[in-house]
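Produce the entire structure from the sequences given, and follow the hints as far as they go.
Take a look at the letters that make up each chain.
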Amino acid sequence: MMQLTINGIPHELDVDPEMPLLWVLRDILGMTGTKYGCGEALCGACTVHIDGHAVRSCVTPVRRASAKAVTSIEGLSPDGNHPLQRAWTEMGVPQCGFCQAGQLMTAAALLKKNPRPSPTDIDRSLAGNLCRCGAYNRIRAAIQKVADEAKQP
Amino acid sequence: MTLSRRVFLESLGLSVGGLLIGGGGKLWAQTSGLSPNVFVHIAADGVVTIVCHRSEMGQGVRSTLPAIIADELGADLTQVRVLQATGHKKYGDQNTDGSSSVRRRFDDLRMAGAVGRMMLCTAAARRWGVDAKTCTTEGGFVMHTPSKRQLAFADVVVAAARLKPPTSPNLKPSHQRRYIGSPTLPLLDGPAIATGKAVFGADVKLPGLLTAVMLHPPVLGSSLASYDASRALAIRGVRHVIALPTPQPPYKFQPLGGLAVVADNTWAAMRGRKALVATWSPSDNASYESSSYRAEQAETIRKACSVVRSRGQADEALGSAASRIEAEYFMPHLSHAPMEPPTATAHVRDGKCEVWAATQNPQESQNVVAAATGLAPTDVTVNVTLLGGGFGRKSKPDYVGEAAFLSQKIGAPVRVQWTREDDIRHDYFHTTSAQRLEAGLDGEGKLVAWRHRTTFPPIASLFTDGAALGREGELAQGYADYPLDIPNVRVENGPSKAHVRIGWLRSVNNIHSAFGINCFIDELAAARRVDPKAQLLEVLGPARRVTLEELGVEKLPNYGHALEEYPVDVARMRGVIERVTAMAGWEARTQDRERGYGLAFHKSFQCQTAIVVAVKKSRSGKIKVDEVWLAADAGLVVNRERAQAQMEGAVLFGMSIAMYSEVTFKNGVAEQLNFDGYRLARMPDAPRAIHVDIATNDERPGGVGEPGVPPVAPAIVNAVFALTGERIREVPLSRAGVV
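Quick mapping for you: the protein sequence lines, in order, are chains E and H. To convert, count from 1 in the first sequence and add 712; that's our numbering. To convert, count from 1 in the second sequence and add 19; that's our numbering.
By construction, these hints were calculated from the structure, which means they are not laboratory data. Some clues are possibly wrong.
[Claimed, not checked] Distance windows between CB atoms, simulated: (1) H:Gln610 / E:Lys780: 52 to 62 Å; (2) E:Lys857 / H:Ala314: 49 to 59 Å; (3) E:Lys857 / H:Gly696: 46 to 56 Å; (4) H:Arg250 / E:Lys780: 30 to 40 Å; (5) E:Thr717 / H:Ala395: 41 to 51 Å; (6) H:Lys293 / E:Thr717: 53 to 63 Å.
Computed from a predicted structure; not experimentally measured. Cβ coordinates follow ideal geometry from the N, Cα and C atoms, glycine included.
Given below as C-alpha cells:
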C-alpha cells in the first residue's frame with residue numbers, strides 16, 4: 713500500500729509504485745484536472761507540485777511522491793481564486809485551455825520561489841510548457857500582472 | 020435563400036410549445052416553457068438555455084454563438100445557460116472547421132433568437148393591449164417603452180409558448196445590439212479551465228470504464244499479419260487485446276486498424292502495448308521518403324502542369340520577357356498536434372451507442388461509429404466535450420470509431436487514448452508542397468507575366484484513392500482567388516501522389532500558397548529595387564472587385580459563398596496592408612538598425628490579414644521574432660476579444676511553421692514522434708509584443724480562426740532577408756540553422 717497526500721487529503725492506494733503520478737491522479741483517483749499531453753516531460757500539461765516544486769507527473773513514478781505533499785490544479789486554491797487563476801480569467805488567457813492547468817502550476821511554483829520574476833525568468837520557467845493555441849503572450853502578461861500586484865504594499 | 024436557411028425555417032414549425040427537442044431534450048424534458056426552435060429554450064421560471072451546436076476548441080465558439088442568439092432574443096447573457104449540442108442534423112452543419120461558425124451561421128442564429136423575441140413580444144403585447152411591434156426585449160425583459168412597462172420573460176413565457184412561431188422574423192437593427200460586436204464578451208469556460216474543472220475528451224468518467232491504447236500499422240496500407248499478445252495480457256490490469264478491421268482506400272475517416280490493448284487504466288494499456296509483438300503486411304507506401312519525394316516534386320514543377328487559371332498568354336509573355344525572375348519554395352508535412360491527443364469514449368449497449376468525444380464533427384462521428392458498429396447513425400448519440408485543441412485534426416473521427424468498435428466487442432464502456440506518438444505518427448498530415456514562381460518584366464521593367472506552379476499531395480486523396488491533383492476547393496485557397504493585376508497569368512497544379520493520410524490543418528492550402536506568393540513578391544521587390552509594400556500593392560492592383568474573368572477561372576468555390584455576397588475586394592486587401600504598415604512604422608523601418616522587417620498579406624476564409632514582423636539577432640546569432648503587427652478585416656466580428664486571441668494565437672501557430680515544425684518520412688514512417696522531434700514555438704520564442712488591429716465594419720462576417728496563420732511564415736522569412744540578406748525558400752528555418 714502506498715501513502716499519498718494530495719491537496720492535503722491522505723490517500724492509501726494499492727497501485728504499481730512505478731505508475732506515473734499522472735495516471736494515479738487521473739485514472740485511480742479520478743482527478744482529471746491534470747492533463748496528459750506527451751508522456752515524456754516535453755509539454756508540461758501534467759505539471760503538479762511535490763513539496764512545492766513543479767514536476768512533470770507523467771514521468772514521475774508515484775513512489776517518488778510517497779510521504780510528500782502533492783498539489784494538483786484542484787488544490788491550487790481552496791475556491792479557485794489564486795491570484796493567477798483570477799488573472800487567467802480576467803485577461804482571457806485560455807484558448808482551448810488544455811495546457812492551462814500545467815501553465816498555472818508552473819507559474820505558481822515560480823512565483824512562490826521568485827515573487828518578482830523578470831520577463832526572462834518567466835520565459836525560462838515556462839519554457840517547458842507548450843501551448844499549441846499560442847496564448848504565451850497572455851500567459852506571460854498574467855504572471856507579470858500578479859507579480860506586479862504582489863509588489864505593491 | 021441558401022439550403023441551410025430553408026431547412027432552418029422549416030425546422031421552426033416543428034417546435035412549438037412544450038414539444039421536446041434539441042440537445043436539451045433530456046434537460047428540458049421536465050420543464051414546460053418556450054422552445055421556439057432547436058437552439059433556444061425559455062423555462063417557465065424564465066431561465067434561458069441556448070444550445071451551442073459547434074465544438075469549442077479554443078476559438079471561443081461557446082462564448083460567441085450563444086451571444087448572437089441572446090442578443091436577438093434580448094436575454095441577459097450572464098444568466099443564460101449554454102448547452103452543448105449532441106450531434107444531430109436538426110442543427111444544420113455542425114462540422115466546426117473552415118472558420119465557418121459565425122461566417123456560415125450568423126443569420127440562422129440571429130433568426131433563432133429573433134423568433135423567440137417576437138413570440139415573447141406578442142404575448143406581452145396581448146397582455147398590455149398594445150401593438151407587438153412597439154415592444155422590444157432586453158436583459159430578460161419584454162419592454163414597452165411608450166408606456167414604460169416591462170415584464171420578465173418568466174411572466175410571459177407560458178403565454179408565448181402557445182403562439183405559433185413567426186416564419187419570417189425581423190432582426191434587430193445594429194444599434195440595438197448589446198453583445199454582437201462587443202469587445203468584452205465573457206469567456207464562458209474560463210473559470211472552469213483555470214480551476215481544472217473543465218471536461219475535455221479524456222475526462223469523461225463512467226462506471227466500469229476501460230482504457231484502450233492502440234498499436235496502428237506503422238505504414239499506411241499495411242495490415243496486421245500476425246501477433247502475440249501473451250506478454251501484454253500478463254501485465255496487471257490488461258484485460259483484452261483486440262484486432263481491428265483493416266481499412267480499405269480511400270481511407271476517409273476509417274479507423275486505421277491494428278491492435279488495441281484494453282486495460283483498467285491508461286498506464287497498464289500503455290505497458291501492454293509495449294509488450295505486444297506484431298508483424299505487418301508490406302505496403303507500397305513503405306517507399307515514402309521525404310528527401311527523394313521533394314526532388315520528385317521539384318521535377319514536377321519544372322514542367323507544364325494542369326491549368327488552374329489562365330489569363331492572357333503567360334508562357335509566351337515569359338518567353339519574350341526582357342528579364343525574368345524565378346524562385347522555388349518548399350514546405351514540409353505538418354502535424355496538427357493539438358495539446359489533447361485524440362481521445363473518445365464510447366458505450367455500446369441495447370442496440371445503441373453513446374459517445375463522449377473531443378470532436379469537431381459530431382455528425383460525422385455518428386456516421387463513423389455507425390460504420391464501425393453496424394448501428395444506424397440515428398442510434399448513435401455523440402456528446403461533445405471541450406476539445407483540447409483541434410486545428411482540423413478532430414474533424415476526422417477515426418478515433419471515435421475505434422472506441423465504438425471496442426466497446427461493442429467488449430460489452431463495456433471504452434475510452435480510446437492516443438498517445439502523443441500515435442498522434443504525430445498517424446496524423447492526417449498537412450500536405451508537403453513545392454512551388455515555382457516566375458515573373459516576366461518588359462523592357463521598361465514593367466511586370467507583364469506571372470506563372471505559378473504548385474504541387475502537393477492533395478486532401479482529395481483521402482476521398483478518392485490515387486487522386487494526385489488538388490480539387491477546386493483546395494486550389495481556390497490562394498491559387499485561383501488571389502488578385503493579380505498582371506496581363507498574363509497562368510497558375511498550374513502538378514500531380515503528387517499521397518503516401519500518408521492528407522488532411523486539412525488550420526488554414527489548409529493557404530499555408531503554402533501564401534508562403535510562395537508573399538516570398539516571391541518580396542523577391543520581386545528586391546530584384547526591382549522597390550519597397551516590398553509597393554510591390555505587393557502593385558501586384559494586387561487598384562481597389563476593385565475582381566471578376567472571374569479577371570481571375571481567369573470559370574467559377575470560384577469562394578469558401579461556399581456567392582461572389583456577389585462575398586466579393587474578392589481589393590480595396591479591403593489594400594486597407595489591411597495600409598493599416599498594418601502604419602501600425603508598424605513601415606516607412607521608418609530603415610532607421611531601425613537592429614531589426615529587419617517583413618511584410619505579408621493573405622486573404623482566406625473571407626478575412627483579409629496583413630502582417631509585419633520585426634526580427635533581430637539574439638546574442639547567439641540566432642533569429643528571434645521580436646515584434647509582430649497584424650491587421651485583419653473579417654467584416655462584422657461578433658466576439659472581438661476572442662477574435663483578437665485567435666489572431667495572437669495564429670501568430671504563434673505560424674511561427675511554429677516558420678521556425679521549427681516538420682514531419683519527415685523514412686520507409687513510410689514519420690521520423691518525428693513527440694515534441695522533441697516535432698518542435699513547436701515555446702514561450703521564449705513568443706514576440707515581445709503582438710499588436711492586433713481588427714477592422715470595425717458591417718461587412719458580412721468572415722472567418723477568424725484560421726486567416727491569421729498564412730501570412731506569418733512568409734513575413735518572417737521576408738524579415739530574415741531584410742535583416743541578413745539571406746533568401747530562404749524553405750521552412751522550417753531550423754533546417755537552415757538560423758533559429
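Evaluated hints:
no.	hint	in the structure
1	H:Gln610 / E:Lys780: 52 to 62 Å	56 Å, holds
2	E:Lys857 / H:Ala314: 49 to 59 Å	51 Å, holds
3	E:Lys857 / H:Gly696: 46 to 56 Å	35 Å, violated
4	H:Arg250 / E:Lys780: 30 to 40 Å	33 Å, holds
5	E:Thr717 / H:Ala395: 41 to 51 Å	50 Å, holds
6	H:Lys293 / E:Thr717: 53 to 63 Å	31 Å, violated
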